[in-house]
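Novice: Position in the sequence shown (from 1) plus 6 gives the number in our numbering.
What the hints contain is simulated information worked out from the structure, not anything from laboratory work. Any given hint could turn out to be false.
Derived DSS-like pairs: lysine-lysine, alpha-carbon spacing no greater than 27 Å straight-line [stated by the list, open to error]:
(1) LYS1032 to LYS1047
(2) LYS846 to LYS726
(3) LYS1013 to LYS970
(4) LYS986 to LYS930
(5) LYS77 to LYS206
(6) LYS278 to LYS132
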Amino acid sequence: MTTYCSITNSTLKRFFSYCLIASLVPGLSPVYAQKGKVKPLPPVSVNTGQLIYTPDAQGNRVPDFSYCGYKGSNEVIPFAPVRVVVPIVNGDATLRIQSALNYVASLPAGKDGIRGTVLLEKGIYKIAGGLTINASGVVLRGSGMGEEGTVLLAEGKDRQTLITIKGKNDRTVDVEGDISDTYVPVNVNKLKVKTPYSIKVGDAVLVRRPSTLKWIQELATDHFGGGITALGWKPGTRDIFWDRKVVAVDGDQITLDAPLTTALDTTYGGGKIARYQWQGRIQQVGVENLRCVSTYDNSNVKDEAHRWMAITLENISDAWVRQVVFEHFAGSAVSVYETANRITVEDCKSLAPVSEIGGQRRYTFYTNGQQTLFQRCYAEFGYHDFAVGFIGNLNAFVQCESHLPFSFSGTIDSWASGVLFDVVNVDGNALRFANRGQDGQGAGWSAANSVFWQCSAAMIESQKPPTANNWAFGCWAQFSGDGFWDQSNEHIQPRSLFYAQLASRLGDSILKRAYLVPVESEASSSPSVAVAALLTSQAVNPAPLLTDWIDLSSKRIKIPTATVGIKTIDQVGIHKPTVIPFVAAMQVQNGWLVRGSSIVTGGRNDVDWWRGDIRPAGRKDAGLGITRYVPGRVGSGLTDDLNELTDSMKAQNRVLLDHNYGLWYERRRDDHERIRRMDGEVWAPFYEQPFARSGQGFAWDGLSKYDLTKYNYWYWNRLKTFADYADQKGLVLIHQNYFQHNIIEAGAHYADFPWRPANNINATGFPEPVPFAGDKRIFMAEQFYDVSHPLRRALHRAYIRQCLDNFSENSGVIQMIGAEFTGPVHFVQFWLDVIAEWEKETGKHPLIGLSTTKDVQDSILADKQRAAVVDVIDVRYWHYQEDGKAYAPEGGQNLAPRQHARLLKPKRSSADQVYRAVKEYKQKYPEKAVIYSGDSFDRFGWSEFMAGGSLAVIPKVNSEEFLKKSSQMQPVDLAGENAKYWALGNKEGELIIFADAKDAVSIDLSKTPGSFLIRWIDPKNGNILKQQQNLKGGKVVDVKKPQGGELVIWVSKK
7 MTTYCSITNS TLKRFFSYCL IASLVPGLSP VYAQKGKVKP LPPVSVNTGQ LIYTPDAQGN
67 RVPDFSYCGY KGSNEVIPFA PVRVVVPIVN GDATLRIQSA LNYVASLPAG KDGIRGTVLL
127 EKGIYKIAGG LTINASGVVL RGSGMGEEGT VLLAEGKDRQ TLITIKGKND RTVDVEGDIS
187 DTYVPVNVNK LKVKTPYSIK VGDAVLVRRP STLKWIQELA TDHFGGGITA LGWKPGTRDI
247 FWDRKVVAVD GDQITLDAPL TTALDTTYGG GKIARYQWQG RIQQVGVENL RCVSTYDNSN
307 VKDEAHRWMA ITLENISDAW VRQVVFEHFA GSAVSVYETA NRITVEDCKS LAPVSEIGGQ
367 RRYTFYTNGQ QTLFQRCYAE FGYHDFAVGF IGNLNAFVQC ESHLPFSFSG TIDSWASGVL
427 FDVVNVDGNA LRFANRGQDG QGAGWSAANS VFWQCSAAMI ESQKPPTANN WAFGCWAQFS
487 GDGFWDQSNE HIQPRSLFYA QLASRLGDSI LKRAYLVPVE SEASSSPSVA VAALLTSQAV
547 NPAPLLTDWI DLSSKRIKIP TATVGIKTID QVGIHKPTVI PFVAAMQVQN GWLVRGSSIV
607 TGGRNDVDWW RGDIRPAGRK DAGLGITRYV PGRVGSGLTD DLNELTDSMK AQNRVLLDHN
667 YGLWYERRRD DHERIRRMDG EVWAPFYEQP FARSGQGFAW DGLSKYDLTK YNYWYWNRLK
727 TFADYADQKG LVLIHQNYFQ HNIIEAGAHY ADFPWRPANN INATGFPEPV PFAGDKRIFM
787 AEQFYDVSHP LRRALHRAYI RQCLDNFSEN SGVIQMIGAE FTGPVHFVQF WLDVIAEWEK
847 ETGKHPLIGL STTKDVQDSI LADKQRAAVV DVIDVRYWHY QEDGKAYAPE GGQNLAPRQH
907 ARLLKPKRSS ADQVYRAVKE YKQKYPEKAV IYSGDSFDRF GWSEFMAGGS LAVIPKVNSE
967 EFLKKSSQMQ PVDLAGENAK YWALGNKEGE LIIFADAKDA VSIDLSKTPG SFLIRWIDPK
1027 NGNILKQQQN LKGGKVVDVK KPQGGELVIW VSKK
């Protein structure tokens, strides 16, 4: 059955050559009659004034994209009333604007959910920090997007996002039910469901299509070549989710507010549905009518020490960005993430981006959300200017232009379905719906059931994935792919599929919203003389430009900027954030590491060296990475939120983070190949390196080479920020200056190493091409640790000083020479000499940890001058084995720790042997703190602690007095039957004894008169048992243990 919609609106006549809109055909497919021959209709066609959809045999059809955008395009973007004005003042305006945003967020919302607008005046607002909108109904509005309008000038070297629009990620999802339909075609919004609860009108639901092995094998995405399947899709890693609302319920059938974009087929696992609640998701938020500009280093055309992301949106629905210009951002102008839906971005321009040319840079207008509409957007010199990411569905780009980009626009990650590119022009590069194979970290099939409509590009590629379709209509380009093509190199009607579909759904009155660039001439090959004369006269003028059309948007949609009667933020009040002071400084006192008078103890965290995947499944098992970076993204496996991370560490009694820089920068090198990459298409997450890129040449990873005399501001600032949090919260950072893994073992470790001559502009003098042993392994340690080379010596010296400078105001940092360090004594001597020189110059004395092989450790400690620089002895690269023999490989043998282990085959340590190792150093060097990081350090924390070791992995004892009292004690030897027990004691006779399973323990208080209190601590959890005992000193006392097993006896004076 075909329904008809006759349209005579004058607006439509202006933008389309003729005015015919049609609607959905749910049933049989119409046909043309041509001279007796039946010709099947294409998926979308126009016949007798109607736009007609022709489903395939299973009922799949071109999706209805008109549900994209704010409120599903059912409503126009509102004009929120102004509630507060922020006048311009000299200096940083971040706090003033944020205070205004917070003020509006505190106001009650109207019936429409809108609280109001923060209005900025014309002029330049300097922004040294970032702005955040985290409440519904708040709008940030400027007074014009031109250069003379409102300019947010994002200053500084940090990469902080300029405007973050983000609700809370507190969604709770109910138990899934089944979708009982055998097959649900593309574009259907009616489902039969079976759930353990009743679904009602208005419920928010998630529809899930599981990514089963059978489907993955059908797509041939389990393996991309080489017989290696690491990047292949795995079941459960490409599940598709649709975020929808229920608009009708009829028995077991529900109707969703927008269609599905991939078929649900029981052959491949069918579909699931679950109701969800999301209190923290925000709505009715906008940014409009202003200009965002990032400062940058003018001397480096690829500078990245400035702002990356202008606006990001997540945990949000029904929001907009309109009439905004962006300049010089390295990452994205607008980035919409997977927790966002129904977003409109319109009349925006991105100009003159500044960054490296490569992955995660210049993804100008990006979404992996749902129902996003980008319309009338312009980008220049970008990378993926208009892009849909991982599993994004029902998204549209309408009349957008990409000028001279460095890569294609289109779908860039796995299985974005229901994507429309409608009147999109890519000048000088490609539009792609393709199987990307292993590109994009195993993106594979990137698009399904998606449409190119009247687009132009240097190349348009459209491939047909198994189980789905892709279509292209009226496109102009070189062409590639086996997708459906129709009327290529022809102008087709309607001009915009999106607006044709929207008018079909809501009526032609909406066409007044279709502000497409007018096309007022004709393209006839046989014009009349009069028409030829007219066209000739018009040919003296350049063609209309989209960028100019965007500049005129403020005349088409006038955004109010009146300020009469509106309070200023100065009248409302500016709220300064609370400054959290540092806790007591960490220092070595009485041979213990203490803060205040309490010994520092607790669990430890390491950082990831490599690996990672920013897709949801890849983030589940991610470790910590305080210098791991994903542009615009914050969270586990992405860019860690350092405040949340340190709060979590404190809550879990994990006091220490042991940090070293990443093994390599980007994830392509996770394949452990040694090859030079052919481009800069780097994969995130990025493990940032200490050095800055130079903007010159090409390193082995395809980005520019490093400059070892300049430092990566973001990297060092992240470490400094963590150290500040550590000093606020009583935590510890071990800062490993170097990472030996780069210069020993697998050749891939060295491939992207910044010190390698191929990767820097500093002529470091190492051999190139690299002399890989057996064309596979590297043995570069001896050369790297050779400080007789004058240039490298100077680079090392400057780098070590940078390590010290960065934390000069922090006490909770222990500097160590390097992770996995098994190097020679002469390099440790050099390292300590540089530190001593720095200390003498600055008058500062950071905590220096000696963490080397035992022979090097003992040699340094025997050197009084250099031993004086050392504050902490770290037993890490050797240990006493269970049989009492030392496993102690020698330093400087050009072998990594695990290579030594393969040769010497060490046995495990034991509780007694850990105690022995720590106590030996404690007694020999009582003025220094000792920590144990060797074999089984996390199992034998009480052994370390009772031997006098700091940073022992023991549970938090539920008495603050315990660690204070302990700091006044030293290891002592008990007499008689108690000699086997470990004990700490002081001159006042107070004791801490670690007792085994024996029922009773004798405590010798014969030489210490007075009253004592005995408490019992469970060493497994730190709980002090309820049973306590009062004792009189001056005698030997037998005390009975209140329970079996190991207990810590705490004897303190009353």
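Novice: Each of the hints needs a verdict: does it hold here or not?
Specialist: Hint check results:
no. : hint               : in the structure
1   : LYS1032 to LYS1047 : holds (12 Å)
2   : LYS846 to LYS726   : holds (22 Å)
3   : LYS1013 to LYS970  : holds (23 Å)
4   : LYS986 to LYS930   : holds (21 Å)
5   : LYS77 to LYS206    : holds (20 Å)
6   : LYS278 to LYS132   : violated (49 Å)
The earlier numbered hint that this structure contradicts is number 6, and it is the only one.
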